[in-house]
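Engineer: Residue numbers (our numbering), protein chains in the order written: chain A, 1 to 448; chain B, 1 to 323; chain C, 1 to 299.
Do not take every clue at face value.
Unchecked claim - Taking lysine to any residue pairs in the SDA-like style, the calculated list, with each CA pair at most 25 angstroms apart, reads:
1) C/K296 to A/I115
2) A/K170 to C/K296
3) B/K208 to A/F186
4) A/K303 to B/T138
5) C/K64 to C/G90
6) B/K208 to A/K170
7) A/K277 to A/E430
8) C/K296 to A/Q167
As the list claims (entries may be wrong) - Computed far set for chain B versus chain A, every beta-carbon distance over 10 angstroms:
9) E74
10) R103
11) V161
The hints are simulated quantities; they were obtained by calculation from the structure and are not laboratory data. By construction, the Cβ of each residue, glycine as well, lies at the ideal position given by its N, Cα and C atoms.
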Amino acid sequence: MSESQIIQKLTDDLKPRKFGTMGKLWVGVLIILSLTGLYSYLIQLRDGLEITALNNYVSWGIYISNFVFFVAVSLVGSLISAILRLSNAKWSIPLSRIAEIIAVSNIIMAGLIIIVDMGRPERFYYLFTYGRIQSPIVWDVIVVTTYLIISLILLFLPMLPDMAILQKRKGEFPEWQRKLYKFFSFGWIGNKQQYAIMSRTIFQLSILIIPVALAIHTVTSWLFATTLRGGWNSTNFGPYFVAGAFMVGAAAVIAVMYAARRQYQLQEYITDDIFDKMGKLLVMLSLVYLYFNINEYLTPAFKQMVGEHALLKDLFVGQFAPMFWGTQIFGMLIPIILMSFPWGRKPRLLFIISIVIIVGAWFKRYLIVIPTLFHPYLPVIEQNGVPTSIVYHPTFHEWSITMGSLAAALLIMTILFRYLPFISIWEMAEYKGVSEDHIQKASGPHPV
Amino acid sequence: MKKDNQPIVENAASRRNFLKFSIASGALAMLSQIGELPAQENGDGSGEKVRLLNSEGKLVEVDKSAIKPLTENELNTIVSENRKRARKGIEGRKWVMVIDLARCKHALNCQEACNKHHHIPGDRQWLNVYKMQNAENTAPYWMPKTCFHCDNPPCVSVCPVDATFKRDDGIVLIDNERCIGCRFCMAGCPYSTRVFNWGEPENQDAVKDQPYDPEKSLPRKKGTVEKCDFCPDMLRMGHLPHCITACPNGVFFFGDRNEDTVTNGSETYKFSKLMEDKAGYRYLEDLGTEPNVYYLPPVDRLVPFDKSDNLPPVGGHDHNHKH
Amino acid sequence: MKNKAYIVYYLLMTFLILFSSSANVYAEEEIEQVKPRLRLNYFKHMDDKSELVANAYFKKDGEKLFCTGAEVLLFTSSKSDKEYSNTTVGEDGYARFNFNSDELSSFKDSSERYSFYVLLKESELFKERSDQLTITDAELKMEFLSEDSVKTLKVKLESFNADSGRILPVYRKPLKVFVERAFSPYPVGGDFNYSNEDGVVEITFPNDIFGDENGIITVIAKLDEDDDFGTIIAKSNIDWGLPYTDYVHTEKALLIGSSREAPNIIFFGIILTVALVWGYLIYIFYNIFRIKSLGKKVV
């Protein structure tokens, strides 16, 4: 195959394509879920947070744990597209854009869900006009915004050549779609200077995004660690959160790439070998997370200090025990064991394991946020003077908004997958040995 | 700057004749038509008289027809003045509270008075009385708890928009016109002091139309946080907070740290001497929050702890130690 | 069927009438006049103001209630038919009359004592009630003596004695001393101090009372609710207090803290980091637009 034929084939294989019935059904379900969530949110806007199960003890609930989950998943953008890119792991080229799409969609939803949690969302702009720079929430706003911007650039900048290649394919896409590609090609004609600027910028951003990504999840962990509460009052929280985020993010990439591979028959690009490598990476990240978990629970459990002892009891043998051991065993231990074997890293099983890890990770965030609030320093009192237990069972609307936000994140991802080449055409060409000149020519203004 | 003999009404003159709201029953009906007092109080009117509390805290009787509803602009001016004043605090003061645990018999008059004067809806309390027992073989006792108005308030440290703040007179107050409802302060407070308006607060008819004053924490607003405020509106008038005057057993003492004096209304002590003589302490001192509420240990109690009360005792930090 | 309906109707009406009439009876009972209690107190402030306070209240079901709104008349004597002044009982249950020394002289009787007669006027709610009070005029004086670091306060009570025609010290009266504070005055010098033959109570003044920035405090001497003299209050400012220093907690949280303004290290640290990152991002945007302009040039 000549170099231009390779590009031709790559473009044919990787260009955005219409969904089949399953794809349409999937989008339909996501839209319905998102709209249900939106409906619930409208009710919440009218009635206030009263419609949730939140109360004066459990003042943060699944909105916040869901926010932590979104931030965690979004961290993967920096892992794949930055760390693997910098470490020159060429096998990860087909994954970098997938990871970036996951990052962008999740960080957008993280920003939105935090507004959902606010009692007075119309005052959101106060964070900018009256922001106290000492408050971890303001830090979070700053780093999340920064991370969103960098992720968007890292998604769109490496796509300029692909957009230029695609916009030349007249007749294959509706005219509006082609115009969109032309717009996003941003005047790309593939000359040397453009190429140089792009490569340099991607390289610099890949470095910059690492501290920013670490910052978003560390700062998110500080929302808890800066308070005086048993279970949150931990110096381990930053790395603990980051490790967990890398783990769930890697699982998310595996799940998404499996779905994409099936949908578009991309076995040639997303090979079993990539699954195997991602599986190994996931095992490594899970082991790191396991280590931090032991750190997080063993030392306080050993000391049994008054502020933490009741909380740990509640987690280990109390009301949260099923969820706690469920997430630890199914969401971490069993996946580690399974993925340690080559057969455990075969695509289908790895996909299932990843889904379990993702679900476990969601509940893990629940366990980080909510049980602590069940154990305040002062005894619990109700107004009639009778101590009653603290109760938090999320309401329908709360679940509906949470599910809706998760569906919306998937919907954003799906839309991006539908209309963007989610595997980088030019980088794949480069990987397959096509020279820079040819790529420049293919993305240049003249017909190939 | 230290005041001399005047009561603590700060710039009473400059505050003009803005009517405050009467706590007297008769005036409650008028709250929706709060206006400025006209120069002549005895014009021809409907003959119907209303009693209102003026800015100096005195009860005045005015003709109903003399009260004009405030325009939007006037109302905004009052609210913004209130909010500005609430941030400063009362000059030269440093409020401190002392709670004598030996005297508390769980009469709950404090809570009742607090609820009444702050129009607290039924789903929350600003003031709680906890049944405490530090260890299994130590004596149980009642522990009233207000906001501790800490000198290192964790709630204020975490607030992203400066909606809750520490005033020069030591009070930690909330401006619910600023609060965005993120509830970080609730997570930050280790004493579970703060409560939230999850929905539209109930039973607010009597106060919902008055101009907002952070020093009254009224009217309350959906989606914002609130808590015990040491009744700065009372302090400004030179009166003690409601819980102190309501307590039949003289449990609560209040005063100015700068004067080194606390009083429960009938007894007045030197704060530093009281702390020394009775070994005063602060709850959960090791958290480093530096509370401004001190406790006197429950020793030499006149009335023994009511054992007939069959509430399960709850321990110092760890309420799960139930027997 | 129709008859039955009538029976029900009549029964209902009868019941209603019965019920309403009983309600009326109840209402009449409510309006029945109450027998108020009236108590007079005389306050003399040494800065030439005197006050007669009438406390009017009644007891209902063991609860003390105020005769708010009742009209109260003041007479110079019980025989006088023209009232001297009148007022109404306030929300707090007190009716107050203020006098300066000239006005007081109208109440002087033959033995140089002031006698007050107060009448609570009969109304729909209250029965008539009266009380009288006779007061001997007395003076309370403070003398501040400071020797080395020992501060001594002498409080002297004197009264005009009609028999001898002279001002004489008053013996064996409890005189209290306070320092004015934010809410209620702080007692100094012990609880039971009775005046000696010279009418004097002498106390050693404590050295650890906080005053204003110059150490000025307001000292109050008081004779409380005496049968002969009423209540006499003398106030005086003296620099016997410790100079006030604002109580400031010294160990503020080091890093973050609760003030509006961030500590410099935090503020500049964060601003610098954000400025660096965003400055760099702006440079990146510039580069992206350079890509665009480079594309245009060639075409």
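Engineer: The structure should be examined with respect to each hint, and the outcome stated for every one.
Structural biologist: Now for the hints, and whether the structure bears them out:
Between C/K296 and A/I115 the alpha-carbon distance is near 41 angstroms, which puts this suggested pair outside the 25 angstroms criterion. Proposed proximity of A/K170 and C/K296 is supported: the alpha carbons are some 21 angstroms apart, at most 25 angstroms. Proximity of B/K208 to A/F186 is assessed by CA-CA distance (about 56 angstroms); at most 25 angstroms being required, the pair is judged violated. Under the criterion of a C-alpha separation no larger than 25 angstroms, the hint pairing A/K303 with B/T138 is consistent with the structure, at around 23 angstroms.
Taken as a hint, the C/K64 and C/G90 pair is honoured in the structure, with Cα atoms around 15 angstroms apart against an allowance of 25 angstroms. At roughly 65 angstroms between alpha-carbon atoms, B/K208 and A/K170 are farther apart than 25 angstroms, so this suggested pair is violated. Distance check on the hinted pair: A/K277 and A/E430 sit about 21 angstroms apart at the alpha-carbon level, within 25 angstroms; holds. With a CA separation close to 16 angstroms, the supplied pair C/K296 and A/Q167 stays within the 25 angstroms bound.
At roughly 24 angstroms, the least C-beta separation between B/E74 and chain A is larger than 10 angstroms, which holds for a residue marked as non-interface. Every C-beta of chain A lies more than 10 angstroms from that of B/R103, the closest at about 18 angstroms, which supports listing it as non-interface. Consistency note on B/V161: stated as away from chain A, yet its beta-carbon is not over 10 angstroms from all of that chain's, at 4 angstroms minimum.
When the structure is compared with the earlier hints, violations turn up for hints 1, 3, 6, 11 and for no others.
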